[in-house]
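Undergrad: So the chains spell out like this:
There are 4 protein chains.
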Amino acid sequence: MHIRFITTGGTIDKIYFDALSQFEVGESQLQAILDEALVDFEYDVVPFLQKDSLEIDDADRARLRDFIAADDGAYYVITHGTDTMPETAEVLAGLEGKTIVLTGALSPARFRTTDAVFNVGMAVAAAQVAKPGVYIAMSGQVFEAGAVRKNRAENRSAATDRN
Amino acid sequence: MHIRFITTGGTIDKIYFDALSQFEVGESQLQAILDEALVDFEYDVVPFLQKDSLEIDDADRARLRDFIAADDGAYYVITHGTDTMPETAEVLAGLEGKTIVLTGALSPARFRTTDAVFNVGMAVAAAQVAKPGVYIAMSGQVFEAGAVRKNRAENRSAATDRN
Amino acid sequence: MHIRFITTGGTIDKIYFDALSQFEVGESQLQAILDEALVDFEYDVVPFLQKDSLEIDDADRARLRDFIAADDGAYYVITHGTDTMPETAEVLAGLEGKTIVLTGALSPARFRTTDAVFNVGMAVAAAQVAKPGVYIAMSGQVFEAGAVRKNRAENRSAATDRN
Amino acid sequence: MHIRFITTGGTIDKIYFDALSQFEVGESQLQAILDEALVDFEYDVVPFLQKDSLEIDDADRARLRDFIAADDGAYYVITHGTDTMPETAEVLAGLEGKTIVLTGALSPARFRTTDAVFNVGMAVAAAQVAKPGVYIAMSGQVFEAGAVRKNRAENRSAATDRN
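Residue numbers (our numbering), protein chains in the order written: chain S, 293 to 455; chain W, 293 to 455; chain C, 293 to 455; chain E, 293 to 455.
Keep in mind that the hints were calculated from the coordinates and are not lab data.
Heads up, some of the hints might be wrong.
One copy or any two copies: either way a pair holds, since identical chains are not told apart in the list.
[Stated by the list, open to error] Straight-line C-alpha distance at most 25 Å; calculated SDA-like pairs for lysine to any residue:
1. Lys-390 with Ala-366
2. Lys-390 with Gly-365
3. Lys-390 with Ala-361
4. Lys-423 with Ala-362
5. Lys-343 with Leu-330
6. Lys-423 with Gly-389
7. Lys-423 with Ala-354
8. Lys-423 with Asp-363
9. Lys-423 with Met-293
Between the sequences and the hints, there should be enough to build the whole structure, so can you do that?
TA: As structure tokens, then:
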């Protein structure tokens with residue numbers, strides 16, 4: 293089992309720079325999460341984008357799909373901002389033999405209380421266990437691509453059409 | 293989707309009592325973990341045992357199997373000490389139509405750094421995604437029952453026979 | 293012993309709003325810090341400003357000085373952004389019978405790792421122990437007003453003239 | 293300013309050993325606390341004892357007093373179990389030219405929520421600001437030696453005779 297993590301930015305990776313007095317997307321917090329979880333599988337981390345997901349556009353998504361299609365891996369966890377995670381998931385659908393799980397967080401991984409660690413745990417398990425396809429792991433649930441939209445008002449994910 | 297959590301004790305639930313100046317297994321930390329993870333699925337928590345897993349015996353395991361066999365649920369996450377988690381997993385094998393995931397932690401959930409949150413996230417995802425059967429979610433990996441033993445020397449799980 | 297906490301904003305109180313995808317100064321984290329510290333003295337918290345300290349101007353400082361001068365308290369802890377903490381400290385100098393300690397943090401109190409808790413602990417002790425005057429508690433040190441400037445390059449406080 | 297930290301054990305330093313499934317006093321958590329607090333003063337740490345404070349006896353206290361009396365430092369912070377902290381404080385009283393602050397915690401420094409960080413912050417400030425003497429920094433308060441006893445029932449410190 294080898295999992296390739298692909299980071300694209302989003303709240304999960306938000307960090308804070310004192311000099312600028314603002315939050316910015318920086319180096320992924322993934323490594324710290326995996327170290328603390330004492331994981332014992334092979335993986336690497338590909339820093340692909342550092343964008344708030346509202347700024348990820350069609351060209352970015354096409355590049356991401358091309359990257360995975362040409363890549364020799366089988367298991368992927370993608371960290372992604374929650375706002376447009378479903379859109380990216382749909383673009384990635386249909387890549388044969390690939391199990392792809394997108395995850396993110398509603399509060400930054402650096403916070404004292406955060407959903408980031410739990411969500412990455414879910415994504416890692418789903419990547420290993422699910423049959424090939426594209427999934428979103430958020431809010432304690434694993435959705436198939438096309439079955440989720442962000443419920444901004446309630447600040448959590450909700451299935452729109454879950455079978 | 294309804295997940296039934298069953299707590300049996302173990303390091304994940306260890307807490308500290310000042311009066312006695314020693315660690316004891318107490319109320320499960322599960323609720324706090326699920327709250328922080330902002331989970332949005334139905335669940336309940338059944339406090340079944342409060343034992344270090346070295347003290348869980350055959351009678352306990354038989355009672356646990358009977359409880360699940362007679363229960364109307366389909367998805368279970370069991371928190372369990374790591375020392376005898378594989379033994380309990382094997383006793384639970386073969387219950388038709390049940391997806392059962394055991395998980396635990398090498399350091400208590402109350403610690404500042406702990407694998408507990410990640411592991412429960414893995415277990416929740418595996419319970420939803422895996423086909424019926426018995427699994428162990430530890431060390432970033434999801435094992436089928438019978439395929440894991442605790443590697444005490446290295447302080448992490450290791451598969452003995454993983455296909 | 294009654295300590296009056298006055299919050300003015302700054303990094304220590306920075307929180308993160310998902311909707312805006314940016315950090316903003318919000319409700320003070322002081323209450324959470326004092327609860328966790330199991331403090332056993334009387335206090336109240338006066339929310340005075342919610343500003344990054346670079347935006348605190350002379351009028352704000354004059355209002356703050358007037359507030360404390362007219363107030364019946366003797367012991368004050370003021371949370372404040374680090375950039376202009378020395379300027380505010382100097383404006384507050386000379387109020388007879390008042391022990392005033394300014395503190396803040398280089399990373400937000402909500403972060404998993406932060407200097408905020410330690411710094412508030414220092415400020416609470418200094419307010420109780422020091423003779424009347426104005427002090428800054430940062431970087432593990434208690435400075436008298438006029439003896440500190442922020443060393444931005446090194447990201448910590450440094451005394452310029454400490455007797 | 294040079295502060296000499298002396299560790300004697302107690303809850304603040306309790307750690308957890310998986311192999312033994314019990315809490316034990318181990319390497320002090322002081323270093324981690326001071327690093328996170330970004331302290332900028334000179335200090336060293338003297339590991340003097342590793343005992344629950346109920347096990348600290350008169351001989352230990354005499355040795356501690358002798359050590360400090362013969363030592364060339366002026367500022368001391370002693371981490372100590374809370375049960376007999378007042379007894380040790382009294383034995384240390386009367387050492388001329390020494391400012392000695394004892395502190396500890398009701399929950400271990402390794403816990404996610406703990407009073408340890410705040411308390412060490414208080415002790416560091418008190419050591420710098422207070423006039424020579426022996427103090428206890430706990431529960432958000434700085435007491436002079438002889439003025440505190442542990443209120444076990446309420447799980448916090450209470451002054452018995454505070455001037």
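Undergrad: Against each hint, give a clear statement of whether it holds in the structure.
TA: Cross-check of the supplied hints:
1. Lys-390 with Ala-366: within (5 Å within a copy, 28 Å between copies)
2. Lys-390 with Gly-365: Within one copy, since 8 Å is at most 25 Å while 31 Å is not.
3. Lys-390 with Ala-361: Within one copy, since 9 Å is at most 25 Å while 35 Å is not.
4. Lys-423 with Ala-362: within (20 Å within a copy, 30 Å between copies)
5. Lys-343 with Leu-330: For Lys-343 and Leu-330, only the inter-copy Cα distance (24 Å) is at most 25 Å; the intra-copy one is 28 Å.
6. Lys-423 with Gly-389: The answer is both: 9 Å in one copy and 19 Å across copies each meet 25 Å.
7. Lys-423 with Ala-354: within (23 Å within a copy, 32 Å between copies)
8. Lys-423 with Asp-363: Close inside one copy (18 Å), not across copies (28 Å); limit 25 Å.
9. Lys-423 with Met-293: both (14 Å within a copy, 19 Å between copies)
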